[in-house]
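Colleague: Residues per chain, in single letters:
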Amino acid sequence: MLGYPGSPPEFSSTRDVDAILPLQWLESTGQHDDFWEAQQRTNEALAGEGLYVTHLFRESDLILTPEWFTRRVRIQLELRWLTLYRPLPTPWI
Amino acid sequence: MTQVELKEQTVQDTLARRLGEVPHVSGLLKRLAQRSGAGARVAEWLFQVAVLRGARHFARSPDSTLPPDCPEVSDEEIGLALCLGELPYDLDRLRAAAQLLSSPRTDVERLCRLAVQERCEPVLRYFAELAARYAPELLPWAEIRRRLPFRPVPRTDALPHWTRLVSHTGISAYGGPARSVWLCRHE
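As they're listed, the protein sequences go chains A and B.
The opening position of the first sequence corresponds to residue 1 in the working numbering, with each subsequent residue numbered one higher.
The opening position of the second sequence corresponds to residue 1001 in the working numbering, with each subsequent residue numbered one higher.
In case anyone wonders, no lab produced these hints; they're calculated from the structure.
Incorrect hints may appear among the rest.
Examples of chain A residues lying across from chain B (beta carbon under 10 Å, computed) [claimed, not checked]:
1. L26
2. W36
3. L62
All figures in this text were calculated on a predicted structure; none of them were measured in a lab.
Each residue gets a CB set at the ideal place from its N, CA and C atoms; glycine is no exception.
All chains, full assembly: derive it from the sequences and hints.
Modeller: Next up, the structure:
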């Protein structure tokens, strides 16, 4: 529910968020080493609070439409270094 | 109604899938692949390094095409990385991890933190519960049973059978019965 308009505030403060990594991004070997270093340092910095970044999933391991990446919706959270999106929901019914 | 086309995807046989989980992308594995220089062969590298560091039960001819050991990478990182759900399923890697980590020198706090961050709690708890039968006081497993949170997975039958984590003495020279001895790291 994170990022959906009108959702209860407690859903915006969840500790448990899944991140989707596009295959193209993952396959660009050596170009995102800074991301993984940042993850490690973030986890070290947050260790005392029991927080960590880990729920990172390949797009191929989730149920998504082929055009999910181009049809993302910006999540209106003002963060200094991070811009967040979520996939557009699929109208299954 | 929207039409959805389902595409066939090649599903890799990972440990996570054997446990009934979706594999997460491990930052630890990415960093080790990069730092060691092993790249796509990081799983082979981890196994070889585990053997070199004391998982001698699994010794085999070293592969000289793999990069050498990285002393700055801790034993806990090597052992834990061998238990990652993202890796292709390989029982010997799991067994080598169990032997490498079976040492009082293993830093339990670091190992538990890594296990939670890398979602390896079910594997470590499994080893720890088996160790309780054959070496109840053995560290780090006794501490892991106490400290590491339980996180259930749909199935654990893909993890090594207890007979694969011990050595069997057979009938010994001292005349006692056959014994099963937990495989500890060669220090």
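Colleague: Now look at each hint and say whether the structure bears it out.
Modeller: Consistency of the hints with the structure:
This hint holds: A:L26 has a C-beta 7 Å from the nearest C-beta of chain B, less than the 10 Å allowed. For A:W36, the interface hint holds, since its Cβ comes within 10 Å of a Cβ in chain B; the closest pair sits about 4 Å apart. Of the supplied interface hints, the one on A:L62 holds, with its beta-carbon coming within about 8 Å of a beta-carbon of chain B, less than 10 Å.
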